[in-house]
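Residue numbers (numbering that gives the first Met the number 0), protein chains in the order written: chain A, 0 to 330; chain B, 0 to 359; chain C, 0 to 353.
Any given hint could turn out to be false.
Claimed, not checked - To be clear about the criterion: a stretch of chain C counts as covered by chain A if any three or more of its residues have a C-beta under 8 Å from a C-beta of chain A, and this derived list gives those stretches:
| hint | region |
| --- | --- |
| 1 | 98 to 106 |
| 2 | 163 to 172 |
| 3 | 216 to 222 |
What the hints assert, rightly or not - Quick look at which bits of chain B chain A covers, simulated, 3 or more residues with Cβ under 8 Å:
| hint | region |
| --- | --- |
| 4 | 229 to 236 |
| 5 | 289 to 295 |
| 6 | 328 to 335 |
To be verified - In silico negatives: residues of chain B with every beta carbon more than 12 Å from chain A:
| hint | residue |
| --- | --- |
| 7 | R9 |
| 8 | N23 |
| 9 | F45 |
| 10 | G89 |
| 11 | G91 |
| 12 | G123 |
| 13 | T195 |
| 14 | Q198 |
| 15 | I261 |
| 16 | V275 |
Honestly, the hints are just simulated from the structure, not real lab data.
Yeah, the Cβ is synthetic: ideal placement off N, Cα and C, and Gly gets one too.
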Amino acid sequence: MKTLLKKLTETPSPSGYESAIREVIRAEISSLSSDIKVDALGNLIVTIGKKTDKGKKVMVDAHMDEIGFMVSHVEKNGLVRFSNLGTLLPRYMSGGRVKFLNGVRGIVNCDRTEEHHTIPTLEKHYIDVGAGSDKDCPVSIGSVGVFDEPFVDLGKRVAAKALDNRASCAVLIETMRRISSTPHELVFVFSAQEETQTRGATTAAYAIEPDLSIAVDTTPSLDILGVKMQVDLGKGPAIKLRDTGMLADPKVVAWMEKTAKKAKIPYQLEVLDVGTTNARAIQVSKAGMPSGVLSIPCRHVHSPSEIVDMDDLQNAADLLTALLCDRIDLS
Amino acid sequence: MTSQTSQALRINKVQLSLLEELTNANGVSGDESEVREIIRKKVAPFADEIKVDAMGNLLVIKHAQTPGAMRVMVDAHMDEVGFMIVDQDGDGLFEFVQVGGGDERQFISKAVVVGRQKLPGVIGYKPIHLTEKKERDQRISMESLRIDLGPAGKDQAKRGDFVAYATRFRCSGDTIFAKALDDRLGCATLIELLKTVPQNIEFLASFSTQEEIGLRGAKVAAYDFEPQVVIAVDSTPAYDFSRPDGSENTQYNCKLRGGPAIYLADRGTLSDPRLVRFITNVAEEKKIPYQYRQPGGGGTNAGALHLTRGGIPAVSISIPGRYAHSAVMIASVSDWQNTLQLLHDALANLSPAVLEEERP
Amino acid sequence: MENIIPFLLSLISEPGLSGFEEPVRRKIADQWTPLVDELSVSPLGSLHGLRKAASSDPSPSLMIATHMDAIGLMAKLIEDGLIYITKIGGVDPRILPGQQVTVHGKRDLPGIVQMLPDRLLDEDQKGKAPAFERLFVDTGLEHKDLIKLVRPGDLISFAQTPIELNGKHIAGHSLDNRASVAALTVCLEEIRNFNLAWNVLAVATTREEISLGGAKTSAYGLRPDLAIVVDVTFAKGPGTNDYRTFPLGGGPSIGTGSDNHPALTREFISLAEEMDMPHDIEAMPENSGTDGMVLPVTANGIPTVVLGLPLRYMHTSVEMAAINDIERIGRLLARFITQLKTDSMTTLFEEENV
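Just chain A, same shape as in the assembly (with noise of 0.2 Å):
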């Protein structure tokens, strides 16, 4: 998986322009599926399997944008300055490398302020590409980018940008691969602009219309200074209970915990106070329906290089197999 996995991280595609993975994924999972469907938001939706009499319509769901940013406007003297498409944090921003859709590469800083202990705000942050001047600058208002880090192995972890949520696109394509037969239809949904308020899901949701959804995302494990965590990398991918936006349907707990422990697959239980996921809009969608998140740990995120353990991405997949290739009881 490190191999795919550093193949997935290394494609830009921030929020609102995900043609680029979204084409890298399909490569990955066209021979899987006959029946793939790319939305009018950009939602790549894979379906397969067919519902069988004691079957479900499950919607797995890994969103496969990642947090980046447009060009707002460029100055005279060739510096430009952006807006965010999802949350830039501005702490993660100066000295670092970013990469335009366009191929053009640029590193970021900010203007010196009065306070040098604090970090400005992203309106005082510039890329600097280079140019001499807005005449012979090769980028311009719209242009879109996203960071501009290598893959690193580190052995059981590796370290990259957009490991948020590059490495849930990872383990539902090494799902999708091992998935032999299942008595349910799974739509596999790879969905757009979920860093910018979970859109992509919401309409992928409402035409899919399904019995029980799973959300697949990274969060946030032991990095968040004054707030406990419990969640840590390599315990085992993670069984949500509670987020900012959604609580999940304890059923869904239940029945992710109870195949957790039949496989003897290694999880951890996550109760989170910031941030939330695709889960939050899926639940709702429609009439509602049962939903859970499966979380994969990973610390730094939203920084440039993100880190995850490759075993509690193997474990994941393992789970994520496992629940959708069996009877589910929601009992």
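With chain A held as given, fit chains B and C onto it using these hints.
Relative to the frame of chain A, chains B and C by itself:
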């Protein structure tokens, strides 16, 4: 690519008079009925179907003349920001709160109109003679302000009554002075489009409610229509002033007299790049001045429209305006004309080919 | 009419936190069984009670939504024999120290919410207002025993027993919004023997306090023609006296603006006046802060109005409501229902749709 020739649209006395009627009318978010009635009367001669839905949206359809035509929805919101009466002090003085966003420093020393009865009133402030120097450095808090209907106004207004500024429309050369240009300009534009809409599209016009308090009318307007494409027409601020320290203004949002402002991204919508490209091409080919509105905060009804049902490709196009959400806005007649022309030409050249390739 | 108080007292003695409403749903279902024709549960756990129209022809339907979920706490992690907590819904941490709670682990355990004594803290932390990061639940158990019974995600509800005051008021936790559920139940009792022109859907919604998800999904599934939301509103009391507050025992508030369709606001004011019922207008310039935020914008729209039941000390464990307000709202709803005719969708909205 764009092959259709189209008529040149002009803003002249008829259109300005329509805008005057629309901006002088009151339609604070939550009661848009006066504005809706004006629009209904104006569009009735051109509409094939008209209805008012549960949110108070005015939904108008002009059928295509060709079969299998594209279903195109264009939306403009009827509501404006204003105030609501919440309590009475007695003696004709009424406590009030904002409806929609606005800088409270703009409220002071203004004439207003209260309720469906249209009672004249004022938001006053104490005389400068009776203020201390220290006080004059402080902001005036909204809680201390009152709407005054005059002493005979006791019990004339009640909690829940909506209040709008009493501003009257004026046009001076290329400059329009009026309240609620956000988004009566959009409404006036949509009415004009209905008059001249090309026959090859199924034209779904939505005059929506409660945009200023959460895009609420828009949330249901597209549900019924089920369009294949949606364009929101609004007004967006032009902050293109020189900075006091002489440094470059990098946050102008858009420029007055820069032409229709095409949205790339705002807080609510990442415009469909296929539509942005298409409209840009139309503007270039037809030599219509245009600009890109800076990505960043703010939003239009597209934010709700594009997420309806299974999702709809969307873009917003706005007419630049200054001093939105205050008593008097400024806009340019030439910006308005160019926006109207661009929208008309875009509609004339719209076809399924524009959305053929997958969203980039 | 049956005395509604024993039912209300039993409702506010059950846990039923947002997302985990089953205990209170069962109580409501029991109470509603003789009052409705059909009972069902939505995918997100809302209870739908259908009282059918008398005619076998298709009739319009009215949905009345009262959320049954309540705020509370959840175990986040367990350290040194103490349960660190997070909130479910809007909980002001400053009301928590000294609060008696029930921890719903493998079995129910008594606990107290507390914080570390000042003497163990750094100077700059002493005396600060309670915040979630520093609050915990102490069950008195040793760590090794505690972790056998409690784990992250376990629910923690307020243990305050209901208090009856002077025969006129009730205090306790979860009166937001079980008091409104009681009002809706009064309504169902009042219309019990009437032949109805409309189908009436009594809906006890879930998840209002965290996402309005129960109301949103029930409205989509049921697609009523009209909707009424009954939720608690702010009663006048210590530190709360402005235009957003209403006298306890002064009757219901009727919403105007934003979520409220003007025709329904007018209709309810008119009915209250006809019934000589004390009432007030509640200004909702931007939104109602209730299930009413999602109903008007469901699918192609549902005309909605929000009625308020005055409540003191909202979102504490000692909320206080007036019994006569509960009964009044029940009767007001009943009057609205019994006055509905098959053509009410046209007549109610005549002014808007001219």
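Tested hints:
Counting residues of the region 98 to 106 of chain C whose CB falls under 8 Å from any CB of chain A gives 0; the rule of at least 3 is not met. Check result for the region 163 to 172 of chain C against chain A: violated, 0 residues qualifying (beta carbon to beta carbon below 8 Å, three or more required). Restraint check on the region 216 to 222 of chain C versus chain A: 4 residues with Cβ-Cβ distances below 8 Å, three needed, restraint holds. Residue count for the region 229 to 236 of chain B with a Cβ under 8 Å from a Cβ of chain A: 0. That is fewer than the three needed, and the coverage hint is violated.
Residues of the region 289 to 295 of chain B with a Cβ under 8 Å from some Cβ of chain A number 4, which satisfies the need for three, so the listed coverage holds. As drawn, the region 328 to 335 of chain B meets chain A at 0 residues by the rule of a beta-carbon pair under 8 Å; below three, the given contact is violated. For B:R9, the shortest C-beta to C-beta distance to chain A comes to about 30 Å, beyond the 12 Å cut-off, and the non-interface label holds. The Cβ of B:N23 sits about 36 Å from the closest Cβ of chain A, beyond the 12 Å cut-off, so the non-interface label holds.
The non-interface label for B:F45 is consistent with chain A: the shortest C-beta to C-beta separation is roughly 29 Å, beyond 12 Å. Residue-level check passed: B:G89 sits 45 Å from the nearest beta carbon of chain A, beyond 12 Å. Once the 12 Å rule is applied to beta carbons, B:G91 is consistent with being away from chain A; the minimum gap is 45 Å. Every Cβ of chain A is farther than 12 Å from the Cβ of B:G123; the closest lies at roughly 37 Å, confirming the non-interface assignment.
The Cβ of B:T195 lies farther than 12 Å from every Cβ of chain A, with a closest approach of about 28 Å, so its non-interface assignment holds. The beta carbon of B:Q198 is kept farther than 12 Å from every beta carbon of chain A, the shortest such distance being approximately 25 Å. With a least beta-carbon separation of about 9 Å from chain A, B:I261 fails to lie farther than 12 Å from that chain, contradicting its non-interface assignment. Taking the minimum C-beta to C-beta distance to chain A, about 8 Å, the non-interface status of B:V275 is violated against the 12 Å cut.
Of the hints listed earlier, those the structure fails to meet are numbers 1, 2, 4, 6, 15, 16, in rising order.
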